[in-house]
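Generate coordinates for the entire structure from the input sequences, incorporating the hints supplied.
Those protein sequence lines, which keep their order, are chains A and B.
Residue 149 in the working numbering sits at position 149 of the first sequence; the count goes up by one each step and never skips.
Residue 1073 in the working numbering sits at position 73 of the second sequence; the count goes up by one each step and never skips.
Hints listed in this document are in silico derivations from the structure and should not be mistaken for laboratory results.
Mixed in with the good hints, there may be bad ones.
What the simulated footprint calls covered on chain A by chain B, stretch by stretch (three residues with Cβ under 8 Å from a Cβ of chain B suffice, anywhere in the stretch; the number is not a length) [what the hints assert, rightly or not]: (1) 20 to 29; (2) 48 to 55; (3) 116 to 127.
Simulated crosslink set (DSS-like; lysine-lysine; CA at most 27 Å straight-line) [stated by the list, open to error]: (4) B/LYS1556 x A/LYS106; (5) B/LYS1319 x A/LYS139; (6) B/LYS1439 x A/LYS104; (7) B/LYS1526 x B/LYS1556; (8) A/LYS104 x B/LYS1556; (9) A/LYS70 x B/LYS1411; (10) A/LYS31 x B/LYS1411; (11) B/LYS1556 x A/LYS119; (12) A/LYS114 x B/LYS1577; (13) B/LYS1256 x B/LYS1574; (14) B/LYS1296 x B/LYS1577; (15) B/LYS1185 x A/LYS31; (16) A/LYS119 x B/LYS1296; (17) B/LYS1319 x A/LYS130; (18) A/LYS104 x B/LYS1577; (19) B/LYS1411 x A/LYS169; (20) B/LYS1296 x A/LYS104; (21) B/LYS1296 x A/LYS106; (22) A/LYS173 x A/LYS104; (23) A/LYS119 x A/LYS106; (24) B/LYS1526 x A/LYS114; (25) A/LYS106 x B/LYS1526; (26) A/LYS114 x B/LYS1556; (27) B/LYS1087 x A/LYS106; (28) B/LYS1574 x A/LYS106; (29) B/LYS1319 x A/LYS169; (30) B/LYS1439 x A/LYS173; (31) A/LYS169 x A/LYS70; (32) B/LYS1577 x A/LYS106; (33) B/LYS1526 x A/LYS104; (34) B/LYS1411 x A/LYS173; (35) A/LYS114 x B/LYS1574; (36) A/LYS114 x B/LYS1296; (37) A/LYS106 x B/LYS1439.
Please read all numbers here as calculations on a predicted model, not as lab measurements.
Virtual Cβ for every residue (Gly too), placed ideally from N, Cα, C.
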Amino acid sequence: MTNYFAVLDLPETLGLESSTIENAWQAGARKHHPDGGDEGGETERASELNRARATLADPTSRLEHWLALKNSPPPPDRSISPALMDLFARLNSVLADADAVTSKLKGSSTALAKAMLAKEAVAAQLAVQKMLQEIQSLKDEVTDRFEEFESDAESGSLAEASRGLAQLKFLRKWEQQGQERLLTLLDC
Amino acid sequence: MDETLIIGIDLGTTNSLVGVVDSGFPIILADENGNRLVPSAVAFPPDGEPLTGREALRSGTVAPERTITSIKRFIGRRFSQLSEAEKSQAGFPLESTQSDGIRVRIGENAYATPEEISAILLGRLKTIAEAALEEPVERAVVTVPAYFSHSQREATKWAAESAGFVVERIVNEPTAAALAYGLDKLDDTQSVAVYDFGGGTFDLSILQMRNGLFEVVSTAGDTQLGGDDLDRAVAEALGNRLPPGQLTTEQYETLKTRAREAKEALSEQETFTVRLPFFRDGESFEIELSRDDLEKIVAPVIERTRPICQRAFAEAGNKRLESVDRLILVGGSTRIPLVRERLETWFGLEPNLSQHPDEAVGLGAAIQAGILCGRVRDVVLVDVTPLSLGIETFGGLMNVIVPRNSTIPTKAGEMFTNAVDGQESMTIRILQGEREMAKDNWLLGEIHVPFARGPKGTARVGVQFALDQNGILGVLVRDTATGEDHVLEIRDSAVDVDDDAVEKMVSESIDHAFDDMNERVWTEAKMKSEELLPAVGSALEAMGDRLSEEEVGTIKETAAEIERILGSDVHDAKALKAANQALDDATQTLAAMLLEAAYSEPDSSGPSSSSEREG
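Written as structure tokens, this is what we have:
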């Protein structure tokens, strides 16, 4: 398995600043870009650099890759925290509301009918934005524990880190769903 | 590095250009008459060689159905993907090939595919370059809209190869324009958005420029939205101002040409008279058009670019770029003052007009060619893939393997195993697009992954999907036992049905289309009326007191007219459509007031400012 930390010449640590990752990628991109390099083999190298940045720039996939490099077993249990459960329940109803407005908007072909729905659309948009903020703060709660995960790992335990990963994966998925809804609302 | 000359080609929907880097500067090459823009038109006279460019357009007045323009709209697409509107508005007869490709009828029993027609154009550009440079030219960089799919890119590449080129790179048009903008700013660090609104396509790309490193952060677009659509909207509006009566194809084409002239003139002046001498039954018409009229007509088309921009900004925001320093306009359609005005309101950025809207892409193509042949140094260009790439899961969903806006080149691997004992191979369907269901995305083709015979779950085959610098996909299969790689052919999976069946399918769909045209238009218009009438009622209730008595009167009269037409026994589709339009127009102020009320409520930050900064 490719070690993406090594590809970018970075230490194998969770607490990387995004600017550090950016700078490492830039240096590599200038050096190994297929157009600047000698011949074909560079495409391979450039692909790896791009994959490495994409993996490490996102905290969720960074944690996943870090755990995979440590051959971590899957999390001991699949339970998610009550806070996450609560968020999930509320998120679903917010998303359903947004979908309902979207389909009403899509179904109306005249400017006037759309305008009649504008109030509802703005409310749905604000509700989704609020959920996204909540998701972000829950994500931050996990990423704030990255240092803790590292010291755990030194003493041989990866359980908390892989629980954190499970949470982040849920949150990332919900975040994408929310962002997608916002954009669809704007498309109408 | 190979130092033979490489030229850059902008193969546009309306116009094409060829350029080269000379003593460190990109230049556009002119033909023997000193023209740098070559109209993207090809004409097929009944006898003799095809004509291209201006000559083709000139012959178009004699034989419009043998003169092909805007062929780029059809390159690399399937016949079954085309909408009825696209087929009827093409201006020349389109048919399906046996394998669902597109072909144009260019004469008695004579056909040409969009790729072949593009190849003829590219051949002309090759001749222009060779004459201007006085040496044979073989290697080329060709631009495509950023939002072009794998298939459209492949088709463009194929067309260039048929014209005798070795294609060194396919470059995205807005990226090329950014290169042209940034070439004299190599020491700077800035972020730019390129708004590329051309003849047939629209793209918005967001780039970061850092000391000669040009990196595309995100891109979004619509490959079927451009100046053509503006012309069509204007032509339709002109048609509505004529006395009632059906238009022939030739008359519609004339209207479109006049519409385009009006559109171009009204970017410079305030009023324009559209003259239609001997237009119908020897009768001549004159239509007075003001810039205000034009803006009312084209505003909805321009509005369609907005959510696309918001998408690109949102994705850039997700990827570390919160705002941009410059907004660069390219493409002929950005000459329209309303486009510039809207952009300023939407994004709070004053458009940067330093680039020539028609030439920036061609110059950028020349620069990329210069980078590849060593004539331009210290510039590195890194682009993204516009569309997600994935495979179909068992449930019929799209499983994304390379997400959109991933930096290219890139690759991603998946492991596959045999699901039953002794299975020898499996078929994987490769898709491109953003929809959740596999069937809604673009099917690039299928690959067959071979398995070694064995019990269920024992085979291990790694499949690697690699997108190269051109955004073109390659698939590699790695046998984990031997470590050996095989390049897999992506089979275009359009089914080959026999001739008769295809003919039957085609004729059936045509019969059906003309059969009940009036009834279909009526049903559509009726649905619109039924939506509009109650909305008018409640909108008047909510806001009516803020309108003048006269305005309320007009609205009520127009609504009553619709009721009258709906109640009549004869289904007059055209009258109903016109009445709907009248009510739509009459309620514009009302709609605007409702929108304003919704967005100005406490706590609401409005639709644009909220999404752009999302992330």
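Hints, verified against the model:
no.	hint	verdict
1	20 to 29	holds (count 3)
2	48 to 55	holds (count 4)
3	116 to 127	holds (count 7)
4	B/LYS1556 x A/LYS106	26 Å, holds
5	B/LYS1319 x A/LYS139	16 Å, holds
6	B/LYS1439 x A/LYS104	24 Å, holds
7	B/LYS1526 x B/LYS1556	18 Å, holds
8	A/LYS104 x B/LYS1556	25 Å, holds
9	A/LYS70 x B/LYS1411	23 Å, holds
10	A/LYS31 x B/LYS1411	19 Å, holds
11	B/LYS1556 x A/LYS119	24 Å, holds
12	A/LYS114 x B/LYS1577	19 Å, holds
13	B/LYS1256 x B/LYS1574	21 Å, holds
14	B/LYS1296 x B/LYS1577	18 Å, holds
15	B/LYS1185 x A/LYS31	21 Å, holds
16	A/LYS119 x B/LYS1296	25 Å, holds
17	B/LYS1319 x A/LYS130	20 Å, holds
18	A/LYS104 x B/LYS1577	22 Å, holds
19	B/LYS1411 x A/LYS169	22 Å, holds
20	B/LYS1296 x A/LYS104	25 Å, holds
21	B/LYS1296 x A/LYS106	22 Å, holds
22	A/LYS173 x A/LYS104	25 Å, holds
23	A/LYS119 x A/LYS106	15 Å, holds
24	B/LYS1526 x A/LYS114	17 Å, holds
25	A/LYS106 x B/LYS1526	17 Å, holds
26	A/LYS114 x B/LYS1556	19 Å, holds
27	B/LYS1087 x A/LYS106	25 Å, holds
28	B/LYS1574 x A/LYS106	24 Å, holds
29	B/LYS1319 x A/LYS169	18 Å, holds
30	B/LYS1439 x A/LYS173	22 Å, holds
31	A/LYS169 x A/LYS70	18 Å, holds
32	B/LYS1577 x A/LYS106	20 Å, holds
33	B/LYS1526 x A/LYS104	18 Å, holds
34	B/LYS1411 x A/LYS173	22 Å, holds
35	A/LYS114 x B/LYS1574	24 Å, holds
36	A/LYS114 x B/LYS1296	18 Å, holds
37	A/LYS106 x B/LYS1439	21 Å, holds
The structure shown violates none of the earlier numbered hints.
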